[in-house]
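**Q** Please arrange chain B on chain A, whose structure you already have, making use of the hints.
Listed in order, the protein sequences are those of chains A and B. First residue of the first sequence? That's 1 in UniProt numbering, and the numbers climb one at a time after it. First residue of the second sequence? That's 1 in UniProt numbering, and the numbers climb one at a time after it.
Just to be clear, a hint being listed does not mean it is correct.
What the hints assert, rightly or not - Estimated spans, in silico, between C-beta atoms of each pair:
no., chain 1, residue 1, chain 2, residue 2, range
1, B, Arg215, A, Pro554, 37 to 47 Å
2, B, Glu219, A, Gln535, 56 to 66 Å
3, B, Pro527, A, Gln535, 26 to 36 Å
4, B, Ser99, A, Ser194, 56 to 66 Å
Claimed, not checked - Chain B regions said to be covered by chain A (calculated; three or more residues, Cβ under 8 Å):
no., region
5, 150-164
6, 277-284
7, 307-316
For the record, the hints were derived by calculation from the structure and aren't laboratory data. Ideal Cβ positions, reconstructed from N, Cα and C, are used throughout, including at glycine.
Chain residues, written in single-letter form:
2 protein chains.
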Amino acid sequence: MRMLCACRVVFFRLSPLSRAGTMVLPLVSRWSARVLWASPGWRRTYTQRACVGLKRLGCPRGVYSPLAHRAYSVVAGGPEVTLTPERYPVQRLPFSTVSEEDLAAFECIIPGRVITDPEQLQTCNVDWLKTVRGCSKVLLRPQTSEEVSQILRHCYKRNLAVNPQGGNTGMVGGSVPVFDEVILSTALMNQVISFHDVSGILVCQAGCVLEELSRYVQERDFIMPLDLGAKGSCHIGGNVATNAGGLRFLRYGSLRGTVLGLEVVLADGTILNCLTSLRKDNTGYDLKQMFIGSEGTLGVITAVSIVCPPRPKAVNVAFLGCPGFAEVLQTFRTCRGMLGEILSAFEFMDTECMQLVGQHLQLTNPVQESPFYVLVETSGSSAGHDAEKLTNVLEQVLNSGLVTDGTMATDQRKVQMLWALRERITEALSRDGYVFKYDLSLPVERLYDLVIDLRTRLGPRAKHVVGYGHLGDGNLHLNVTAEAFSRELLGALEPYVYAWTAEQRGSVSAEHGLGFKKKDVLGYSKPPVAVTLMQQLKAMLDPEGILNPYKTLPAQA
Amino acid sequence: MRMLCACRVVFFRLSPLSRAGTMVLPLVSRWSARVLWASPGWRRTYTQRACVGLKRLGCPRGVYSPLAHRAYSVVAGGPEVTLTPERYPVQRLPFSTVSEEDLAAFECIIPGRVITDPEQLQTCNVDWLKTVRGCSKVLLRPQTSEEVSQILRHCYKRNLAVNPQGGNTGMVGGSVPVFDEVILSTALMNQVISFHDVSGILVCQAGCVLEELSRYVQERDFIMPLDLGAKGSCHIGGNVATNAGGLRFLRYGSLRGTVLGLEVVLADGTILNCLTSLRKDNTGYDLKQMFIGSEGTLGVITAVSIVCPPRPKAVNVAFLGCPGFAEVLQTFRTCRGMLGEILSAFEFMDTECMQLVGQHLQLTNPVQESPFYVLVETSGSSAGHDAEKLTNVLEQVLNSGLVTDGTMATDQRKVQMLWALRERITEALSRDGYVFKYDLSLPVERLYDLVIDLRTRLGPRAKHVVGYGHLGDGNLHLNVTAEAFSRELLGALEPYVYAWTAEQRGSVSAEHGLGFKKKDVLGYSKPPVAVTLMQQLKAMLDPEGILNPYKTLPAQA
Numbered sequence: 001m002r003m004l005c006a007c008r009v010v011f012f013r014l015s016p017l018s019r020a021g022t023m024v025l026p027l028v029s030r031w032s033a034r035v036l037w038a039s040p041g042w043r044r045t046y047t048q049r050a051c052v053g054l055k056r057l058g059c060p061r062g063v064y065s066p067l068a069h070r071a072y073s074v075v076a077g078g079p080e081v082t083l084t085p086e087r088y089p090v091q092r093l094p095f096s097t098v099s100e101e102d103l104a105a106f107e108c109i110i111p112g113r114v115i116t117d118p119e120q121l122q123t124c125n126v127d128w129l130k131t132v133r134g135c136s137k138v139l140l141r142p143q144t145s146e147e148v149s150q151i152l153r154h155c156y157k158r159n160l161a162v163n164p165q166g167g168n169t170g171m172v173g174g175s176v177p178v179f180d181e182v183i184l185s186t187a188l189m190n191q192v193i194s195f196h197d198v199s200g201i202l203v204c205q206a207g208c209v210l211e212e213l214s215r216y217v218q219e220r221d222f223i224m225p226l227d228l229g230a231k232g233s234c235h236i237g238g239n240v241a242t243n244a245g246g247l248r249f250l251r252y253g254s255l256r257g258t259v260l261g262l263e264v265v266l267a268d269g270t271i272l273n274c275l276t277s278l279r280k281d282n283t284g285y286d287l288k289q290m291f292i293g294s295e296g297t298l299g300v301i302t303a304v305s306i307v308c309p310p311r312p313k314a315v316n317v318a319f320l321g322c323p324g325f326a327e328v329l330q331t332f333r334t335c336r337g338m339l340g341e342i343l344s345a346f347e348f349m350d351t352e353c354m355q356l357v358g359q360h361l362q363l364t365n366p367v368q369e370s371p372f373y374v375l376v377e378t379s380g381s382s383a384g385h386d387a388e389k390l391t392n393v394l395e396q397v398l399n400s401g402l403v404t405d406g407t408m409a410t411d412q413r414k415v416q417m418l419w420a421l422r423e424r425i426t427e428a429l430s431r432d433g434y435v436f437k438y439d440l441s442l443p444v445e446r447l448y449d450l451v452i453d454l455r456t457r458l459g460p461r462a463k464h465v466v467g468y469g470h471l472g473d474g475n476l477h478l479n480v481t482a483e484a485f486s487r488e489l490l491g492a493l494e495p496y497v498y499a500w501t502a503e504q505r506g507s508v509s510a511e512h513g514l515g516f517k518k519k520d521v522l523g524y525s526k527p528p529v530a531v532t533l534m535q536q537l538k539a540m541l542d543p544e545g546i547l548n549p550y551k552t553l554p555a556q557a
Numbered sequence: 001m002r003m004l005c006a007c008r009v010v011f012f013r014l015s016p017l018s019r020a021g022t023m024v025l026p027l028v029s030r031w032s033a034r035v036l037w038a039s040p041g042w043r044r045t046y047t048q049r050a051c052v053g054l055k056r057l058g059c060p061r062g063v064y065s066p067l068a069h070r071a072y073s074v075v076a077g078g079p080e081v082t083l084t085p086e087r088y089p090v091q092r093l094p095f096s097t098v099s100e101e102d103l104a105a106f107e108c109i110i111p112g113r114v115i116t117d118p119e120q121l122q123t124c125n126v127d128w129l130k131t132v133r134g135c136s137k138v139l140l141r142p143q144t145s146e147e148v149s150q151i152l153r154h155c156y157k158r159n160l161a162v163n164p165q166g167g168n169t170g171m172v173g174g175s176v177p178v179f180d181e182v183i184l185s186t187a188l189m190n191q192v193i194s195f196h197d198v199s200g201i202l203v204c205q206a207g208c209v210l211e212e213l214s215r216y217v218q219e220r221d222f223i224m225p226l227d228l229g230a231k232g233s234c235h236i237g238g239n240v241a242t243n244a245g246g247l248r249f250l251r252y253g254s255l256r257g258t259v260l261g262l263e264v265v266l267a268d269g270t271i272l273n274c275l276t277s278l279r280k281d282n283t284g285y286d287l288k289q290m291f292i293g294s295e296g297t298l299g300v301i302t303a304v305s306i307v308c309p310p311r312p313k314a315v316n317v318a319f320l321g322c323p324g325f326a327e328v329l330q331t332f333r334t335c336r337g338m339l340g341e342i343l344s345a346f347e348f349m350d351t352e353c354m355q356l357v358g359q360h361l362q363l364t365n366p367v368q369e370s371p372f373y374v375l376v377e378t379s380g381s382s383a384g385h386d387a388e389k390l391t392n393v394l395e396q397v398l399n400s401g402l403v404t405d406g407t408m409a410t411d412q413r414k415v416q417m418l419w420a421l422r423e424r425i426t427e428a429l430s431r432d433g434y435v436f437k438y439d440l441s442l443p444v445e446r447l448y449d450l451v452i453d454l455r456t457r458l459g460p461r462a463k464h465v466v467g468y469g470h471l472g473d474g475n476l477h478l479n480v481t482a483e484a485f486s487r488e489l490l491g492a493l494e495p496y497v498y499a500w501t502a503e504q505r506g507s508v509s510a511e512h513g514l515g516f517k518k519k520d521v522l523g524y525s526k527p528p529v530a531v532t533l534m535q536q537l538k539a540m541l542d543p544e545g546i547l548n549p550y551k552t553l554p555a556q557a
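Excised from the complex, chain A in its bound form (with noise of 0.2 Å):
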């Protein structure tokens, strides 16, 4: 790996060009104020500087609110994808096939949202990576748990399999049906149900768009305790069910601590009322953890009541570069134990994922190229504490080498463009070409290891291999890209990379679930007995299998 010695930390200013808000950023304006760190006495100058900067500037009340939807549009053209039965070993089980009887049925349970038109079907059917296809011929728009139940209980009796559906983000084809499910969508189920402005825990339908709630509870002084790049268009409901992992984690936790209490509706229709907005409540077995996580493969989450943190006063990213993947973990290591309780996000990436947003989205790199980038994230409640705190980091990890250069933000909409870099990083995935898609939990140490070993072992086969992700979570998003989908890729790619896996006892799904793709690699991160009891679980809340068949678990011998 190259090193690159030029130290600089570069303050971060917006072209004037650029506008929060818009799809496809424009340029960002390289850095306009440099620092050489020449001697100590430049040093302290920074200091100095970048503290008088924050302080003039004002402390911005705004957090991230990241630009990046995912382009749908961008990706919605193209020649027609592949069938999900065409491509991948599955068979349809003995389901019975929607009729003209249960159209009328669902007609008369929620008039007028019934969907059969095949020009609307068609984007419910097909995952937004445009990997995975099936052929649904209904979509159901319930409003209300009340009209949930009613479709299930019919489904239920008429051993009709089911889809839920909610913002269609997930990655790994578990949102639309393999085949010819019914497609029951949460998207018209989007009322904020309540909201204590003292505790901050939001109750609202599990329909409502992450970044609508995020903006509902920022206007009145809280944030969600998590955040992803698909925040514009998944559903809370969709994020709950897949046990959604995202940007706050290391900060926030997972959402089996910050969500309090979940309606289900259960295969046979018996809503299931656990929506109680408590922090606290051990009567009993905690029966809500069952269904976050489960993909709609165990009921179908209506609402959901989760506890929003206050929303921090001051935010604060530094973006910057390092020589080696050594120096990225010496430099996340440096940060937690001199940031502490206000560090609120740590992600990497590596240089080819910075030609990618470069090449496809044209977003610029605000520092010198380098092998590996960090982003830094800290949130607190005092302007002035916070930056201190991460000055005196950025010098720290400048005068040691373990960062070469470096550009820091504070105000919201340079805040947001940083984060566009990483976040964006999906999208630019999409554009270069078919994705095998790889999020797996590994050692810290060795998260990067085996990025470099499949560029080997994959040789010119493979467009591109990156690596990026949530480095303070020790979960590593693995990408490789290629023209077209092609078997023999995938042959070098599977396995190989879940056994790789395996033997760092590291997870093959670290936040993106099972789903139709990953199902059956389950047992790379969990014993046979895990499974069974699985299995088990599966069998006692949908003892016929209609919720979300094809998911999550392995198909039973």
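**A** This is chain B only, laid out in the frame that chain A set:
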């Protein structure tokens, strides 16, 4: 309520007699430095002095480690505890009785660790509150999961009921047998399996004592994510099995987020190994969640993987007197707003609690007598920043009359002594007579109303009616003491307290669980559909019902 007008802030000074680690705290010397808040000038002086004081004292790296081991010795004497079936309406289920052949089989599995001596069995048959007593004839002390597995396999075949037992510090009679269940103790399963000094992930056997783990990780610059009064005796396995909340919940959240993996032995002896050390793992259903908080009724937890937060560099504690509950609430809001991410605890207690810790434990009130007291703790990475934030808060709450008197501590021993005032309330209550204990989640605004209500309702029938708890989590510990157990008093309390709580949509068990004593009140907080589902889950995992019978779920009709 009496309004206290004198405003002063007291710097806590430790009596030379006091020794950390002793069971009975010496008298705390009363404050020796007072700053009268007569004018804005004085206030400024206070602020400056507080900061200087903190700097002078240095920034203790030590974190709070409460002295209060639960005083078993104190409550161990006295008359024999009534056998549970004599006080409560409960019928023995048709389990087998332990035979000589069973004892021989156990002896083969764990030679020398099969205890049948009645004296040794005595303490394991009685809960520490001396409210329930079983009559088990055998205590088993396995050292490994394999041994637990063999024991359960035998019990399952023989239809022998099993009572898993950790530190036996539970509040709801969940940890002792009701009849003659085999006691399966985790006491000898007390080995640390691994600790990762970068990630802070600890893997250990279930019988490790929380305080010992705390010490272990503190030596490595981390802390346990939970802390509770019983830390000197409770086992981590028991903590997880009961989903313990405790004193760090506000900051580090629930065990549902911090526990990364579990090893569990199922009813039939099958070992379920989900002992991963990954922060993120979305491969299939998160089975470990079923066992967290299941009180040993679904499986026996034999090992735990838990993520420990870095040890904070600075800990400050303020102990404040408030003139009314409205002011307690407003002080909480002020602290949350101004302390943000460094607020690590916000506890409250009423004046009767203070009287009891004074009367029974000779602890001295370090501030002027007030209707309410709050303990505010900050934990952060910068002593200077944290002290500045806390000082600003204190200035604000004193100026606005929310607080009438206060004292602050940064030194570890002094921090511990302030904490003892809050933490040893349970112990003081147990010395006051028979204690009727309620652990409720309520809307924070109404948290104290029930205490006032009950004082009127019970009149002189109760010795004391006290309220204290984790205000930041909406968790009230409501305790009523009497000279002895009384059915009449119980009748005045129940179901009144539960119905009152249900009316507020609260939880009848915030953190203590249901165990034996609360199992029949589950329906006040959970709908029938949920209770049915819990029963199905129990039947699935423990079809013979041998694991901790008569606990958690109401007896089926």
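**Q** Work down the list of hints and note, for each, if the structure agrees.
**A** Now for the hints, and whether the structure bears them out:
1. Arg215(B) <-> Pro554(A): 37 to 47 Å: holds (44 Å)
2. Glu219(B) <-> Gln535(A): 56 to 66 Å: violated (43 Å)
3. Pro527(B) <-> Gln535(A): 26 to 36 Å: Because 27 Å falls inside the window, the suggested range holds.
4. Ser99(B) <-> Ser194(A): 56 to 66 Å: holds (58 Å)
5. 150-164: violated (count 0)
6. 277-284: holds (count 8)
7. 307-316: holds (count 3)
Going through the hint list in order, the structure does not satisfy hints 2, 5.
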